[in-house]
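Asker: Below, each chain spelled out in residue letters.
Number of protein chains: 2
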Amino acid sequence: IETKNDKELKTLMDDFHYADIAEILDELNLEQAMYVIKLLDSETTSDILMELDEDNREKVLKNLSAKEIAEEIEELDTDDAADMIAELPEERQKAVIDQIEDEDHRAEITELLAYDEDVAGGLMAKELVKVYETWTVAGCLRRIRGQAKDVKRVHSIYVVDKQERLIGRLSLKDLITAKSEQKIADIYISSVDYVNVNEDAEEVAKIMAKYDLEAIPVVESDENKVLLGRITIDDIVDVLKEEADKDYQLAAGISKDVEADDSIWQLTRARLPWLILGLFGGLGSVFIMESYEEALNSYKELFFFTPLIAAMAGNVGVQSSAIIVQGLANDIVKGSLLSRLLKEVGLSLINGAVLGILVILFGFVMDMQFNFSMTIAISMMSVIIIAALIGTFVPIILDKRGIDPAIATGPFITTSNDIFGIFLFFYIAKLILGF
Amino acid sequence: IETKNDKELKTLMDDFHYADIAEILDELNLEQAMYVIKLLDSETTSDILMELDEDNREKVLKNLSAKEIAEEIEELDTDDAADMIAELPEERQKAVIDQIEDEDHRAEITELLAYDEDVAGGLMAKELVKVYETWTVAGCLRRIRGQAKDVKRVHSIYVVDKQERLIGRLSLKDLITAKSEQKIADIYISSVDYVNVNEDAEEVAKIMAKYDLEAIPVVESDENKVLLGRITIDDIVDVLKEEADKDYQLAAGISKDVEADDSIWQLTRARLPWLILGLFGGLGSVFIMESYEEALNSYKELFFFTPLIAAMAGNVGVQSSAIIVQGLANDIVKGSLLSRLLKEVGLSLINGAVLGILVILFGFVMDMQFNFSMTIAISMMSVIIIAALIGTFVPIILDKRGIDPAIATGPFITTSNDIFGIFLFFYIAKLILGF
Numbered sequence: 095i096e097t098k099n100d101k102e103l104k105t106l107m108d109d110f111h112y113a114d115i116a117e118i119l120d121e122l123n124l125e126q127a128m129y130v131i132k133l134l135d136s137e138t139t140s141d142i143l144m145e146l147d148e149d150n151r152e153k154v155l156k157n158l159s160a161k162e163i164a165e166e167i168e169e170l171d172t173d174d175a176a177d178m179i180a181e182l183p184e185e186r187q188k189a190v191i192d193q194i195e196d197e198d199h200r201a202e203i204t205e206l207l208a209y210d211e212d213v214a215g216g217l218m219a220k221e222l223v224k225v226y227e228t229w230t231v232a233g234c235l236r237r238i239r240g241q242a243k244d245v246k247r248v249h250s251i252y253v254v255d256k257q258e259r260l261i262g263r264l265s266l267k268d269l270i271t272a273k274s275e276q277k278i279a280d281i282y283i284s285s286v287d288y289v290n291v292n293e294d295a296e297e298v299a300k301i302m303a304k305y306d307l308e309a310i311p312v313v314e315s316d317e318n319k320v321l322l323g324r325i326t327i328d329d330i331v332d333v334l335k336e337e338a339d340k341d342y343q344l345a346a347g348i349s350k351d352v353e354a355d356d357s358i359w360q361l362t363r364a365r366l367p368w369l370i371l372g373l374f375g376g377l378g379s380v381f382i383m384e385s386y387e388e389a390l391n392s393y394k395e396l397f398f399f400t401p402l403i404a405a406m407a408g409n410v411g412v413q414s415s416a417i418i419v420q421g422l423a424n425d426i427v428k429g430s431l432l433s434r435l436l437k438e439v440g441l442s443l444i445n446g447a448v449l450g451i452l453v454i455l456f457g458f459v460m461d462m463q464f465n466f467s468m469t470i471a472i473s474m475m476s477v478i479i480i481a482a483l484i485g486t487f488v489p490i491i492l493d494k495r496g497i498d499p500a501i502a503t504g505p506f507i508t509t510s511n512d513i514f515g516i517f518l519f520f521y522i523a524k525l526i527l528g529f
Numbered sequence: 095i096e097t098k099n100d101k102e103l104k105t106l107m108d109d110f111h112y113a114d115i116a117e118i119l120d121e122l123n124l125e126q127a128m129y130v131i132k133l134l135d136s137e138t139t140s141d142i143l144m145e146l147d148e149d150n151r152e153k154v155l156k157n158l159s160a161k162e163i164a165e166e167i168e169e170l171d172t173d174d175a176a177d178m179i180a181e182l183p184e185e186r187q188k189a190v191i192d193q194i195e196d197e198d199h200r201a202e203i204t205e206l207l208a209y210d211e212d213v214a215g216g217l218m219a220k221e222l223v224k225v226y227e228t229w230t231v232a233g234c235l236r237r238i239r240g241q242a243k244d245v246k247r248v249h250s251i252y253v254v255d256k257q258e259r260l261i262g263r264l265s266l267k268d269l270i271t272a273k274s275e276q277k278i279a280d281i282y283i284s285s286v287d288y289v290n291v292n293e294d295a296e297e298v299a300k301i302m303a304k305y306d307l308e309a310i311p312v313v314e315s316d317e318n319k320v321l322l323g324r325i326t327i328d329d330i331v332d333v334l335k336e337e338a339d340k341d342y343q344l345a346a347g348i349s350k351d352v353e354a355d356d357s358i359w360q361l362t363r364a365r366l367p368w369l370i371l372g373l374f375g376g377l378g379s380v381f382i383m384e385s386y387e388e389a390l391n392s393y394k395e396l397f398f399f400t401p402l403i404a405a406m407a408g409n410v411g412v413q414s415s416a417i418i419v420q421g422l423a424n425d426i427v428k429g430s431l432l433s434r435l436l437k438e439v440g441l442s443l444i445n446g447a448v449l450g451i452l453v454i455l456f457g458f459v460m461d462m463q464f465n466f467s468m469t470i471a472i473s474m475m476s477v478i479i480i481a482a483l484i485g486t487f488v489p490i491i492l493d494k495r496g497i498d499p500a501i502a503t504g505p506f507i508t509t510s511n512d513i514f515g516i517f518l519f520f521y522i523a524k525l526i527l528g529f
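In the order they appear, the protein sequences are chains A and B. Sequential numbering of the first sequence, starting at 95, is according to the working numbering. Sequential numbering of the second sequence, starting at 95, is according to the working numbering.
Worth flagging that the hints you see were computed from the coordinates, not collected in a lab. One or more of the hints may lead you astray.
Since the list gives no way to pick one copy over another, a pair counts as held whenever it fits inside one copy or between any two copies.
Claimed, not checked - Here are the simulated lysine-lysine pairs, DSS-like style, with alpha carbons at most 25 Å apart: (1) Lys437 with Lys494; (2) Lys340 with Lys304; (3) Lys304 with Lys394; (4) Lys394 with Lys524.
It should be emphasised that the depicted structure is a prediction, and the values quoted were computed from it without experimental measurement.
Can you make the complete structure from the sequences, with help from the hints?
Answerer: Okay, here's the thing in C-alpha cells:
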C-alpha cells in the first residue's frame, strides 16, 4: 500500500481510529511514517502523535519544522500539548511556542510547562467548563455551549465566585433538569473534591480512585482556591500504569523505565547497576566462606548448601518486602511495629519448620548424619526468620524517611540477604558442630 | 466517641464521604462497626459496604439478615449489587435475591450473576441511558430525564434500533446543542466502540485505555449487537490495579491475592509453595556440587563462588523475564524470535564482559591465579547469557501456549536458573581447568 496511491491510502486511513494508525506507524520506518503523517490533516496527526511510542515520536518531531509542530500543538488539549513540548530539546521548545498562533493557548501551555510532571499541575488541562454563581440556568446553558466546544468531554461543571475561587460543582444532568430562570447559586452542589496544584500525582490518583471520581478540579492552594484546571481519569489511568510498571521493574532489578524494544544500550544502563550490586554481594560471600575454610575438612557438605541458603534468604526477603511495599502503597499497613514483627517471626517459623522437615527428610534419603541435617535445618530456619525481618523492616524504614520503599525490593534485598544468610548459616553451624 | 451519643455520631458521619467512613470502620472491631452501620441509612451504608475491605465486608454481611442485605442491594447499582451477592455463600445468595422487592432490579442482578467475574459481563452494569433512533430530540430529552434518575453519571447515550441493537451513540453535548424537532436518527454518531459480553476483562481494559474511553457499551455478540449493559472506567481502574498487583506478587513469589494484614495462615499458603520450589532447586544444586566434589582438592575456591553464580543467574533471569512479561502485557513485543535472541545475547555479552572484568580485577586484588579468575569470568559470562535466554524465552513460550507468562517470573526463573547456572559453571570450569 505504501508508496502507491495517496488518495486511496488517505480514504483507508480515515476509517481508522487514531490509536490504530499510531500502532501501524510504530511498525513502519521513519520515512514511511513521515509520508503518512504529511498526508493526513493536522487534527488527526496531532492525536496520532500523542499515541506514538515515545522514541518514535521524538524521531518524527525531529523531522518536522517548529511551525509544523506548532500546528499540531494547536489541535491538542493543553495538557497533551504541554507534555509534547516538554519532550523537545530546550532550544526547540521556545521556537515551537513562539509559533503557536492562538495567544490564549500559548499562555496556557507556557503556564503548564512550569509544573513538574509528577504533581497535579503537570497532569491538569486548562480545558474545563466553568460557571459563575451569579449566572442563571438559561444563561449558563448558552455559555456552556460556547465553552464546551473546546472541551472534548464535559465531566463536571465547576462553579466559581467572582474571585475565580472554586465553590462547588454542577452536574450536566442537574442543569438539564433545572428550570431556566433559576440562579446557579441556588442549584449548585457545594461539596466538591479538589486537589491543590502541587499535590503529588500518585496522591491525586489515590484520591480519584478512592472517591470514584472521573475528573477533579485543581486549585492554586488549599487556602486560596482559585480554579486552575482539571485532571481527568484517563490521565490517572496512565499514572497508575506507570507507577505499577515502575514498582514491578524495581522488584525485578531494572531501574529507569525501559521496554523490551528499547536499544541494547538503554537496557544495559537500566540493568547493569543492579547486576554489579549483586556481584559485590557475591564477592562478599566468597570472603565469608574463605573465613570458614577450615570447616572444609570435616564438613565439606556445608559448602554445597550455600546456594540453597542464599536462595531461601533471597526468596523470603523478596516475598516479605513485596507484601510490605504493596501495603504501604495502598495505605493498609496498620498496627504497631511490634505486632508486625511478631507476625513475621510467626510466619517464618511456620515456613521454616516445614522447609526444615523437608531438609531432614532429604538428609535421611541421602544418608547424611542426622546431626548434620539437623544443623542445616536449624540454621536455615534462622536465616529465614532474619531474611523475613530484613525484607519487612527495610522498606518500612525507607518509607518513614520519605524514600520510595520500592527500591528496596528485588536485588537490593536479595543481595543483602544472601550475605547475611550465608554468614548466619556458617556462624550457627559452627556453634552447633563446633569446627 | 463510640458508645456515647447516637445523634452526635450520626451528624458527624453525615459530613464524611462514604469512602472515609469505610476506612474508619475497617479500623473498628465488628461490634463497633455493626453499631455504626445500623445507625446510618441504607443509602449511605450500601456505599460504605462496597468500600469495606473484603474480609470485613464478609463479617458484616454475616451479621445482617437476608432482608437487611436485600435492602442494601436495592440501593446499589446492578454491577456492585451483583458483586456483593456473588461474595455470599451460595445458600444465602438465593435468600437475598428473593428478598429484593424491585422486580426489574432482581431480574437484572440475576442476569449479571450468570457472568464470570473476569469477562465483560462480570464488569458491566445494567444502568445506562438508551434512546431509539426514531425519537425526536425533544422527546429524547424528556425521556432521558426519567432514565437518568437511575444512572449516577451519564457518560454517553447509546442509540439502538427497534430490535434493541446498538447502532451508535449520542453525546449529551450534541443533544443539548441540537434543535428540539430533529430526529435522533439524523444526529447520532454511528461509529461506536463496543465489546461483546464474553470479552476478557483485561482485554476490555486495554481497549478502554487505548481509545481513552470513559464508558463502553456491552453487546450480546459481534453478530447480534443487542445492547446489554455498559462498563465504566472506574471498574477498569480496579481491573488494572488488580492485574498489576497480581503480576507484582507473582514476580515476588507470592501466589493468590494476599495483603500485609491477612492472617498468618493465608500468607503461608501464598508463600510456602514458592519456597518449597526454591528448596528443591537448592537441593538440586547440592547434587550438582557433590558430583564435582573431586575439584575440592585443587580448586576449592570454585565452591566459594557458587552463591555469586547463582545470584547472577537469578538476577539476570528475573530482569529478562520482567521486561518480556511487561512487553507481552502491553503488546509491544514485536519482531522475530531470532532478532530477540540476538539482542538478548548481545545485551548479556556487554553485561557479562563488564562483570567479568570486575571479577578479574577482584582476582588481582585477592592475589588469585589469573588462570583461575579468568575461568570464573568466562563461566559467569556463559551463565549470564543462558540465564537471559531462559528468562526471555520461557515467558514467550508460555504466552504462545496461552498460559499467563507472569507465573514464570520470580522464584520460578530464579530457581531454574540457579540449577542451570551452577551446573554450567562447574561444567565450563572443568573444561578449562581440567580437574
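Asker: Next step is simple, just say for each hint if it's right about the structure.
Answerer: Do the hints match the structure? See the list:
1. For the homomeric pair Lys437 and Lys494, the shortest alpha-carbon distance inside one copy (20 Å) is at most 25 Å, but the shortest distance between copies (40 Å) is not.
2. In this assembly of identical chains, the alpha carbons of Lys340 and Lys304 lie at most 25 Å apart whether taken from the same copy (21 Å) or from different copies (20 Å).
3. In this homomeric assembly, Lys304 and Lys394 never come within 25 Å of each other (Cα to Cα): the closest approach is 57 Å inside a single copy and 58 Å across copies.
4. Within a single copy, Lys394 and Lys524 get their C-alpha atoms as close as 13 Å, and across copies as close as 19 Å, so both meet the 25 Å cut-off.
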